[in-house]
Amino acid sequence: MGFFLRKSIKFGPFRFNLSKSGIGVSGGIRGARISAGPRGTQLNVGRKGLYYRKQLTHRTASGGGWIARLIAYFLPPKHVATFKLPEASASERIAALMATNSTEQRVSLVPPSMQRNNVLTLRPHISYENYCMPPLEFLNEAPPDARLSDEELLRTAAGLAERLKEFDVTGQVKHICPGPIFTSYEFQPDPGVKYSRLTSLADDLCLTVKAESIDIERIPGTAKVAIRVPNRQRETIYLRDIIVSKAFRQSASKLTVALGKTLDGLSYVVDLTKMPHLLVAGAPGMGKSVFLHSLIISLLYRARPDEVKLILMDSAGVEMNLYSGIPHLVAPIIKETSMAATVLDWAVREMERRYREMSGWGVREIDGYNTELMRRNLVKEFDEQGEPWRPLPYMVICIDDLSDLLNDRQVESCISRLAQKGHTAGIHLVLATQRPSVDVVSGLIKASIPSRIAFTVSSKVDSLTVINEPGAEKLLGRGDMLFVAPGLSRPVRVHGAYVDGAEIGRISSHGRGQGSPVYQSLKKVTDLDDLDGIDELFEEALRVCVELGRASTSVIQRRLRIGYGRAAAILDSMESEGLIGQADGSRPRPVLGKAFEMVAEWDAASSESKL
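Going letter by letter, the sequence shown gives residues 1 to 611 in our numbering.
Derived from the structure by calculation, the hints contain no laboratory data. By construction, the Cβ of each residue, glycine as well, lies at the ideal position given by its N, Cα and C atoms. A portion of the hints provided could be inaccurate.
As the list claims (entries may be wrong) - Derived BS3-like pairs: lysine-lysine, alpha-carbon spacing no greater than 30 Å straight-line:
#1 Lys224 - Lys460
#2 Lys174 - Lys254
#3 Lys474 - Lys274
#4 Lys254 - Lys224
Unchecked claim - The following label-pair restraints were derived from C-beta to C-beta distances:
#5 Gly317 - Lys210: 36 to 46 Å
#6 Gly501 - Gln172: 32 to 42 Å
#7 Tyr564 - Pro486: 30 to 40 Å
#8 Asn231 - Arg435: 54 to 64 Å
#9 Asn140 - Lys460: 34 to 44 Å
#10 Asp603 - Pro486: 19 to 29 Å
#11 Ala583 - Asp168: 12 to 22 Å
#12 Asp439 - Thr371: 54 to 64 Å
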């Protein structure tokens, strides 16, 4: 049975609280709180968006220590700040720290002027309860439609029927459905006409209507065939039309994405949480980058910065710069492979941290965790510091272009782990590439990412690589795409929405005007003390694997003279830390670049200690 004592004394504008967790004082600005206790001290000014926490490395502290820290908080706090970090300085700091040979590298995105040796944790917390979503006026409104006249539609329908009759394919055009990109002519063939005979005449029909390509397919549930002819003047689909659509507005998910419009002119939206990751591929200039912009803008219209976090990687350094400084960002725009490896490694560790928290609460996924969190806040079961629990935000990692990053084995390993386990922890990947070959879109990535989008590709082989069937090589370009996802029996043809740079600039400026991003401190672990439950032979086993260039239980058993169970446990630890690849039957596992870096840093640290 425990003993609990709590007293509260009000003195002027201040209230002194005494509890088993320490001494607390609240007063001054409404919502401000200063507390000190055995577990640490913290300062929180909710309205100002300031939060500072220092957690002790030991469990107990003397009463004098509490009082000293309490008095110290009445001095001007030097560690509490909201800041906007210049992107170049962050890149230079990350590159410089990664080049050092220290046994532990803490890649900090906090400016040096705000750092002190005794700061253990800097966790700025900003309240976004009053955050305003971007207004619709920031998006361009679509001009009046330039539809074909009824006379031209009837003339085309008669020409198609006459041309088919010349090849002994008789029937009637029953209905005409004009769309933004295509006009669909519903043709009902007479009894005895084979469907394969009709599809074989696609090229001949192209000559009749003077079209680049024609799409012929069955209409499910009817005895009709849809002959889709491209419009001579294509209609541009504006993102605003999808944002204001009923499908987008009625979606409850914070990760609702506006894809575009179907062949029938209906708005098409998807839920990223159900995909749960997305692979986008297409030849250069076919609409891949515009789609990524529409995806990001969709998220900015759906969620506050404390609900969805973004990690944007752009190896070309051109497309994503427009979003620099928006409060949804976890880190600056990533443009270098070395930075990408560090950020993805942090994302893997964040995923593992979330798994530990969810496991401790007895839940299996992020929605269940946030639901339990809300329940605890309602019954006032707050955290150890007496503060309400904060929900875990979704995190979307958008990478453009994937092929430039896969040369780093550590990046590939992190992407594979996130693709396999990240969605349960609320972490989702959007991977884009303009080189949809088998060396980029590997079998492991395809198995982990079942939802895929194919824009126009150069060959039938590339279409098979991306969506496992032909058809993407016949698309019209300019946002024309095929979308496959779990639950769809066949690819859905969608025309992507268009958003220009001016629209993106207005929306990004709106976000920057409501707050600066809080960049996370990214830690690159190279010290065994940071690895949980590490075996004492871990370092020796890793050196053996690096020396041989491969990892297997039999090698570790023979070299270290240990049993199979212990050797297998060491290999599992190496895999969980991203040092070796996954098991592939009885073959030895590959040793990843991160393992070589860790051993090199151990050797460098050992040399420095001898000096």
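Review point. Looking at the structure, which of the earlier hints fail to hold?
Key: Violated: hints 2, 4, 6, 8, 10, 11, 12.
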